[in-house]
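Asks: Could you build all of it, start to finish, from the sequences and the hints given here?
Spelled out from the first residue to the last, the chains are:
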Amino acid sequence: MDLQTTIYLVVGATFALYIGIAIWARAGSTSEYYAAGGSVPPVMNGMATAADWMSAASFISMAGLIANMGYGGGLFLMGWTGGYVLLACLLAPYLRKFGKFTVPQFIGDRFYSQTASTVAVVCLLVASITYIIGQMTGVGVAFSRFLGVSSDTGIYVGMGIVFTYAVFGGMKGITYTQVAQYVVLICAYIVPAVFISIALTGVPVPQLGLGANVTGTDVSLLTKLDQVVTDLGFGKYTTTTAGSTLNMFVYTFSLMIGTAGLPHVIMRFFTVPNVAAARSSAGWALVFIALLYTTAPAVAAMAKLNLHGTVNSAVGIQSSSEGMKVHAEAIKANADPYAVESSLQYEARPDWMKRWEKTGLLKFEDKNGDGRIQYYNDKTKNEAAKAKAEAAGWKGNELTVNADIIVLANPEIALLPNWVIALVAAGGLAAALSTAAGLLMAISSAISHDLVKGVFAPNISEKGELMAGKISMACAIVVAGYLGLNPPGFAAGTVALAFGIAASSLFPAIMMGIFSKKMNKEGAIAGMLAGLFFTLFYVFAHKGIFFIKGTEFLNVIGGANSFFGITPEAIGGVGAIVNFIVAFAVDKVTKEPPEHIQHMVENVRIPRGSKAVDGAH
Amino acid sequence: MQHNHDVQGYWKATLGLIAKVLAIWFLVSFGAGILFADALNGISLGGYPLGFWFAHQGSMYVFIALIFWYGKKMGDIDREFDVHED
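As they're listed, the protein sequences go chains A and B. With the numbering used here, the residue at position 294 of the first sequence is 289, and numbering never jumps. With the numbering used here, the residue at position 18 of the second sequence is 69, and numbering never jumps.
Just so you know, the hints here were simulated from the structure itself, not pulled from any lab data. Among the clues, some could well be false.
In silico DSS-like pairs for lysine-lysine, Cα to Cα no more than 30 Å straight-line [stated by the list, open to error]:
| no. | chain 1 | residue 1 | chain 2 | residue 2 |
| --- | --- | --- | --- | --- |
| 1 | B | K63 | A | K458 |
| 2 | B | K63 | B | K123 |
| 3 | A | K606 | B | K63 |
Replies: Spelled out as structure tokens, the structure:
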């Protein structure tokens, strides 16, 4: 069977499975629609949370980012997992005890203020919508690359599938579909990683393979990689940080609290039966997430070594038409990568390189006209490497590799069977679809529950609200699809913004709502707005007002990264601290919250008396 | 609240546990993975430099263990102060 047919079969089978589950899990009540009836067992909820959390970016791009950044890429690994510790002990159990459907509803009730709830709805919508644009484009990219249809057609098909199971199934349909999607995406990620780990180190567990010796030698894989990349003028893989140590510190912190504050993640903890289940379900979610996140650094380092090996025979690892081969003698010999015959002849390049050249994600330009590929850092500050490259007659780096290739081409590089390639296609789609569905649910519940029922039509019947939920979901899908088809110019910067907003506005507000009994509405609202505006100000200064090119105002803040060298992607953590400080300052000079609110906080802190989630206002 | 629970004692015990959890959370990621990574890289764990290992592997394993440990300890505290769910 040829590759294209196999891909259609595997992807088609997974789609049929998702729709089948959706029909089985139709939602009949608002409680089922918003919170899956509050009855999802912790292990299953953990899997669904993991699928919800791991987006197309986690699946396709993260390993490539780490491969490029080396040690500094660890900030994504620690940041996107460490947030779950905060969720488990600071937010999830208390929000579950509170027993309502949405994050804005908690903020509105706790701070006894419609304004607070509306500010939260706005933050939620901005964070979720910016996030979903990336998912829809991800669906389009995965479809076009694997199914040979245009990216636009891919987005229409994706919209249709999400529509079917999200609109009819609500949170219940989404949750059970996400469990299936998790299984598909984790298999798709791990299978190629295991094959490559065996080929390079003989160890079938990638997490251990990364710390093992290269097959047939006593040289550890990371030592070899460090030596190869520094020889070629790149930074040392195991020690290169992301900007300054302070920037890496703040960036990690921002991702952690951003993760804990993202509404589509928090919402998952409303679906478990009780407070104890909310605690353990965060743990299960992290187990399932870490399965992918601890494999990613292995994929990153191995694929990087592999790529260098493919184009430079001095490395001692070759991927040719016969598969990947480790040449133990060459590994030990530390041959000269600048020798003429070390560089791969362009005509002799393996098939997978030819295939990816067609997509434009891999580009070769023969700058010195010798018909060989020279892949190195031509902007290096390493004088020794620079001198050697010049002496060898190298005229600049000749190979550009898009980071996404690291995961997508992995099975081809290792010459794995067609079904593995098909599985990776299905996995990429599962990752994008499951995250899109979770985000759509957060958006639709904020509109139908917090705006329609909370503000415009408080007396709406349950049936009416359920209908409003489905209609707003359908509209949200159309808007998300439209934005995916016509991505606004700012699409690239938006995910960082979503984390920044969640970190600087929602997380501190929820946390103070639980841990500070005396925090009043004036403090909370002022804090949220201060954190939000501080973050937006710093991001817009770098990237333009609402990401419109030409409206950057870096001179106002005194140049790029002027705040202690912190990049705009990392500023959310500082925004959160601004939020806390402003909130406590305003709280001090305004009157304390009413008695019944303080009682409510005391009650939320205690597990006993948790009831089914009902969302009543 | 129908029984006269020691609400303040319960909250104090809870905050104490959270402080311990967050201290370990901070030590493994921000500490071992970032601030002290350079120093720890002098030690190796198999083929891993230790600081790099904490940033790319170890902190995540500790996070998982932390959440389950927290869940178990919270369960104990809930029962001790008789505020657990039925």
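Asks: If any of the earlier hints don't hold here, list their numbers in rising order.
Replies: Those not satisfied come down to hint 1.
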